[in-house]
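Enquirer: In case you want the letters, here they are:
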Amino acid sequence: MTLVWLIAIPLVGGILSFALSRFSALAARVLALVAMTAQLSLAITLWPSSTSAADPWLQALQARWIPQLGISFSLTIDGLSLLLILLTGLLGIVSVGISWSQIDERVGLFHLNLLWVLAGVTGVFLAMDLFLFYFFWELMLIPMYFLIDLWGHERRHYAAIKFFLFTQLSGLLMLVAIVALFFTHLQQTGVATFEYQQLLSTPLAPLSGMLMMLGFLVAFAVKLPVVPLHTWLPDAHTQAPTAGSVVLAGLLLKTGGYGLIRFVVPLFPEAARAFSVPALVLAVIGILYGAHMAFAQTDMKRLIAYTSVSHLGFVLLGVFTWNALALQGAVIQMLSHGVSTGALFVLAGILQHHLGTRDMAAMGGLWRVVPRLGAAMMFFSMAALGLPGMGNFIGEFLTLLGTYHLSVSFAVVAAAGLILALVYSLWLLDRVLYGPSRDPLAIPDLRASELAIVAALALAILCLGLAPQAFLNISAQALDALLGPGGAP
Amino acid sequence: MNPLGNMAAPMIVTATTAVAVMLVIGACRSHRMTVYVTLIGLLSALLLVLVAWRLPDRPFAPLLILDHYALFYHGLFLLVALALTLLGYGYLQHHETQREEYYLLLLLATLGGMTLVASTHFASFFLGLEMLSISLYALIAFRAAPAPGVEAAIKYLVLAGLTSSFLLFGMALIYSQLGTMALADLAAPLSQPLTPVLLGGLLLIFVGIGFKLAVVPFHLWTPDVYEGAPAPVSAFIATVSKGAILALLLRYTAVLDLSADHSLGQVVAWGAILSMTVGNLLALKQPDLKRLLAYSSIAQMGYLLIAVLLTGRVGASVASFYLVTYFAATLAAFGVITALSNEREEPALLVEYQGLAWRRPWLAGLLTMALLSLAGLPLTAGFLGKFVLVTAGVGAHLWALVGVLIVNSTVSLYYYLRAASILYARTDEGAEASTVPGHSTPALAAAATAVALVALALIILWLGVYPSPLLAIIGEVATSFR
Chain A
37 MTLVWLIAIP LVGGILSFAL SRFSALAARV LALVAMTAQL SLAITLWPSS TSAADPWLQA
97 LQARWIPQLG ISFSLTIDGL SLLLILLTGL LGIVSVGISW SQIDERVGLF HLNLLWVLAG
157 VTGVFLAMDL FLFYFFWELM LIPMYFLIDL WGHERRHYAA IKFFLFTQLS GLLMLVAIVA
217 LFFTHLQQTG VATFEYQQLL STPLAPLSGM LMMLGFLVAF AVKLPVVPLH TWLPDAHTQA
277 PTAGSVVLAG LLLKTGGYGL IRFVVPLFPE AARAFSVPAL VLAVIGILYG AHMAFAQTDM
337 KRLIAYTSVS HLGFVLLGVF TWNALALQGA VIQMLSHGVS TGALFVLAGI LQHHLGTRDM
397 AAMGGLWRVV PRLGAAMMFF SMAALGLPGM GNFIGEFLTL LGTYHLSVSF AVVAAAGLIL
457 ALVYSLWLLD RVLYGPSRDP LAIPDLRASE LAIVAALALA ILCLGLAPQA FLNISAQALD
517 ALLGPGGAP
Chain B
40 MNPLGNMAAP MIVTATTAVA VMLVIGACRS HRMTVYVTLI GLLSALLLVL VAWRLPDRPF
100 APLLILDHYA LFYHGLFLLV ALALTLLGYG YLQHHETQRE EYYLLLLLAT LGGMTLVAST
160 HFASFFLGLE MLSISLYALI AFRAAPAPGV EAAIKYLVLA GLTSSFLLFG MALIYSQLGT
220 MALADLAAPL SQPLTPVLLG GLLLIFVGIG FKLAVVPFHL WTPDVYEGAP APVSAFIATV
280 SKGAILALLL RYTAVLDLSA DHSLGQVVAW GAILSMTVGN LLALKQPDLK RLLAYSSIAQ
340 MGYLLIAVLL TGRVGASVAS FYLVTYFAAT LAAFGVITAL SNEREEPALL VEYQGLAWRR
400 PWLAGLLTMA LLSLAGLPLT AGFLGKFVLV TAGVGAHLWA LVGVLIVNST VSLYYYLRAA
460 SILYARTDEG AEASTVPGHS TPALAAAATA VALVALALII LWLGVYPSPL LAIIGEVATS
520 FR
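Going down the list, the sequences are from chains A and B. Residues 37 to 525 (our numbering) make up the first sequence, in order. Residues 40 to 521 (our numbering) make up the second sequence, in order.
Take every hint as true, because none was put in to throw you off.
Okay, derived cross-link-like pairs now, SDA-like style, lysine to any residue, Cα gap no bigger than 25 Å in a straight line: (1) K198(A) / V443(B); (2) K198(A) / L418(B); (3) K324(B) / Y194(A); (4) K198(A) / G404(B); (5) K324(B) / W268(A); (6) K198(A) / L320(B); (7) K324(B) / R191(A); (8) K198(A) / R457(B); (9) K198(A) / D327(B); (10) K198(A) / P326(B); (11) K198(A) / G394(B).
Calculated from the structure, these hints are not laboratory results.
So that you can see chain B by itself, here it is in the shape it has in the complex (with noise of 0.2 Å):
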């Protein structure tokens, strides 16, 4: 095999699992059978990631680049869509009819991902970021009984459309001054004073990627979102869809000048410091566990922000390693919901979730420690996450950001720790008893849903005791970033 073909091959390989899945599909439905054949992709692409790991960086075709950043990309989100297959065998067990889409549609989504972080070309970029939304609107609606799925859908159908014209419209303008939609050739005229057509084009573009990101004026959607969907996808939107983008984003901006008396260095700096606060005021009361996922999310997004201000290498590592912990407790805490729930009914309100620990003791300890990591405390990933954060900030002199960022960080502190308070609430506390539902689920399904949050609790608590080889990998990513 060449080495070029190895480097590409993680993604050849999703590509094939989704058409493999989806001709299975075809033959025969079974749940199963659909699982397995996911799996065994996924796995396999993960190695191929750990093989062409070895090989040295290279342009793949005029539109991708697969350097070691975006392999680390990808070897992320295939074990995100891992985690996600595991968790979402048990959550789909009740369903009725055409259970075995959802597998494929994370397929296509996790190569839309994965398209996204190796693109260099607008192109690419576009093309990742539709094949990840259109896989997105159909797994949103994918809860078909509830109405909040359908209609958490089609709201993001609508401004996920809407935003992806903004985007179009901003290449078009950025290709009409300069003739080119490749980044190579765009970095030099970039990196000039900009003209007000380019600066708007740019401005268009940041316009999408804010929505993706949820970055506040643009996080309406988030909460509907989140609540709506499947909780499995739910934690695919506020990781892998959100990391993608990130690191798109990081890859992008390294072209640029963004320190902070440019112009689109004070855009950014505001998006920051507006997640930031926004979300973190918005979550304080709300009584929704899945809604202040959504509105956490959007702080966090805030605090990752902070890291793309710092652009060029730095950036590219501090954002890299926040990222695998913003990954592992969200994704832990999903987990926790997903392994609760199932099709017909989610636990949604804090209530719900009073005396967890007294019930489902392991489960009540896997979602405190997501929340204590999400809040940045010591012994999980998060606190480690948010030391890098502060240690790149304070090293840039980005003395307001990190102002915001410590004040919010302990604001944030103040619905993270009612949350995992309530878990351990005795039970005869609150005026509602609990309704968290007790479903039997087969053997095989909880085992898978046990090996993927037990694989999530160990990094969690690894990242949080021991980060040096991750630290280490990231080290490697960024010398080859750019």
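Isolated chain A, as found in the complex (with noise of 0.2 Å):
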């Protein structure tokens, strides 16, 4: 059941929010803010105390929801799943947190599209049953919409609608590959189920495994983003409201890597092996060109989009890189990515709604005005370029070490991403905490509260960096599962 209240907590803790707003913002904020500390705290408690079982599976929890069509209500978790949901209650806390101040109307609908976010994202880490996992990733999808179009900045309706239609149609691609894989299943066991598990080991012809797998591939491949897709995330992450960006690039895009790791590899092996060189190179193109879009950016939420482009290709590399070490890399590169862009978007959140811009032009100096908000932007952006001792290092090394295992020259390429993103770092805070101030600014720092929102998240990315063993503990099981017996290079 416990797997059940970690969707249920923030689904009815945002109709709550809701209602209560009627009476009281501040109880709809309390509220919100209480359930998703109930979440969090509730998936801490599913830690596990040893990691030496064999089952990979920590809970599993299964119920007849549609028996007509084959479908079950499934959820399972195990240290993968775990490692994101973790993730998805920190941030959710985060983007509450950072709503306190920056959001002033229709608060409660606010916090109930934000829950309900987190709620589909969360049922995506969980659900083990194909045609629930594809509820949740639409479900998460729409009050997404909402945030973007009613609380975004000034070209919000594009793109709000921009996001919505390019995940819309490539999760539609999914759902008719899902449907394929079922009646392919069907036809050879004679079994109807959307059930991972039992589709796992379903044998395909080469062709049709290959355009199930690209149905697949597509859906997660402009979540992730891989570049040829990734045109509405510089819209939507620039206009959505601070929580908004916080959610989209900590967890949304995250579901795009969970999903490859989860189900495009392991249900269409072959396949998967078969286009893994196309992959690599996508993720390559990735890494290089979201570090160069970077460059080109003067509006601050857009460069740190274009740097999610960049670190995110090292978790495609990792993924079709298909080794233990690469895809341990890709695990905590994705944790670390959460979190630090994160905080970034956090960060240029407060100053926009200080400074009512986000041009970087206008800026300038800022060190000077607000130590505080200074210094944190200098140290997720060192984060975020990858210096040792903080996450983000430890997953692009991983994700290094593993490629280099498989192939030298795409390691070679893909590390030439680590100079630029050290480039562009300190370009941006350059631009941002050094040289000349533009005008007489008179800013605010952070408050006790902004501080305690980015300690907690430096703190979460300094375990990550300083104690990867732990977390790697984690998810080592979940994925030696996944790579099973010839998941060796």
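From the two separate chains plus the hints, produce the assembled complex.
Expert: Here it is as structure tokens:
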């Protein structure tokens, strides 16, 4: 039942928060915060005490749902899901916290949408029935659309609909692939089921396997994002309200990476192997292109958005390398990127809230004005560029190490992305924190609550960087099970 | 009571109620009394559907067959009529004269729909169709005050009359060749390769059906009629009128070979593709909510034609399930418009709905749910409807149609989401302030509206989260099909 609670708490919390907002906006905020704290605490209790069991599943739940269509209500959690749900809880609290002072109209509806996105994301990480997975996959999009469309910035309508159409079209392609897989399985075994475990070993003809794999891949590639499909991302991240950007960058992109690891390769091993070279090429292009585009931005949130494209290229690289090292790296990279980019969006959001602009040309010399914010920005930029001691370094290092085993050239080219990351991060700091200030800026520094949020994120990134083994142990078992006996390169 | 009578009881009770309403109107014009009589009649007919559900299928007279398939639709149509009676009560509060006839016409039109789904003979087909259409002519023109009502009614009258003659001529052509009008006798010759005359006859019948379903290229009347008709009547046209024809089409196509390489299959497939595409594209820039729903219904009929191509039991069950989800969402959307309107003024433009959520939060919530359901998004009935449709399409290897469906369903999100998001916009955002009328409704009428809308909301959610019971019922329906 714990697994149902993980999803139900934000769902119900959202509705209650909406209902309470009629009486008091403060009550709505407090309730949302309590709900997300409860979800995080509940997820922490699932942290396994020992990691030696042979069974990777920490908990499972299966119930009849729509037996006529072979659909069951099936939720399970393993180390991979657990880590991502912990990230969801953490960033959920951050999002509610950062909206405290930034969202002051339609508060109840905002928290309803925010908590429902988080519930949808949690569901995606837990669902083990492909229909249920698709259900949550679509469920998290609608409130996200409303978050951008109703509370976003100047071009929000455009950004929101672009985000939705990209993800929806690719999602429907995945649906067709799911259904095609269902029918292939039905034909071969006579069992009508959408259950992940049962579909795992469906033998597929090369061509149909490849087509189905591409159906899944395109949905996850849009989310991750992989380069030719990324164009929704800078718009959506830039136009979303701060909490929306945090959830988008921190969590929604991770659902793409999670989908690749959980579904694409295990369900279609042959097709994925056949497609690995094009995928690795796309990954490397993404790393370099994202970094390159980050230089060209004058809009601070847009710059951070493009760094996401670059950093998550490493996840694609890790997944299609498909060995233990690279996968471990991809998982750590997803977690660290979620935390560090989430934090950068928090800082950018605070700046925008006070300055009324995201244009870096209008900033400069902020270190003298807001030293605490400056220090925080320095810290997370260092994390993003992969400074040792921070989580991102571990993620990128492990991924590159794993890739090196597979192909030296891919590893070398991808490593160039690290150098570019160094340059754009320092450039960001230079333009925002140093130099002469344009105008006499009188903006308040981080308040205690904001400082607490930033400190929590900083602590998380240091944990990932200094004690990665704890996290690696948790994910190792799940990844070993996914890699299977023939998983070694 | 003998079992034969029992199967037909819902139809008989509906017909009797119509007569009773007529007599009540003749005796004394009382709005409330008429509504009570209508409600009692509809509820007892519904009860009889439940009773008849346990009886075995049987042909009833040479013209009708009362199987579970027909009974299922009888129940569905009666529920729609029930909802529209409740909604109509509030809507007609401010109508000055002759509001009681609305219920009479509604009952007759419902009876027409019920006849259609039970029809196994061209005679009952035509009878049901005309009963439906003639009631609708009057219903569309029910709003006496604004001109568009009359214009819409005349447009519908002329076009429906024309297509009825097409339909009759098609039936005559088939009769001239085969000498029979009973579906049971038509099955064998029609499943053979068709002669040109037979093909022509069938195509003419398809034209008639296409007009009623508002399938492209016979869709031109739809937006005008939806706009001009009173909101509950538009709801009826979008649901019962189209649903009955579609159910009948499924019964008739079950005897034909509609595979994709067959010419008739091609006709249906192109109808589906054109309806989906044209309907969605025309809805994109539509500033008027009722016209938007009209174009959306054109596209939805396109989706449903895919189910027609599946033929047989699969087609019947998929179409039935999708129709229920479509009915619920469409009724809810028009229900919200009805609740915001009276017979004199209906909020039409989307701008008038801006910020509705801050004035009428429950209605805005339901309209959002209805729009999301039509768009096929999760937690609503439409999500399961679309899922079932895609699943069946992939299962039958209708790849091209599924592809068009997917692209169209993405396109349609643009306008559904735009309409939904307007409801929550800040009121100061647009140039025009809201003009949704804030008329006062008596408590009883408000309660009737609330009951109907809450029930619709629950049905949409229930089907979106736990569709199993409905699927089980439809499973029973499908086994009795044919």
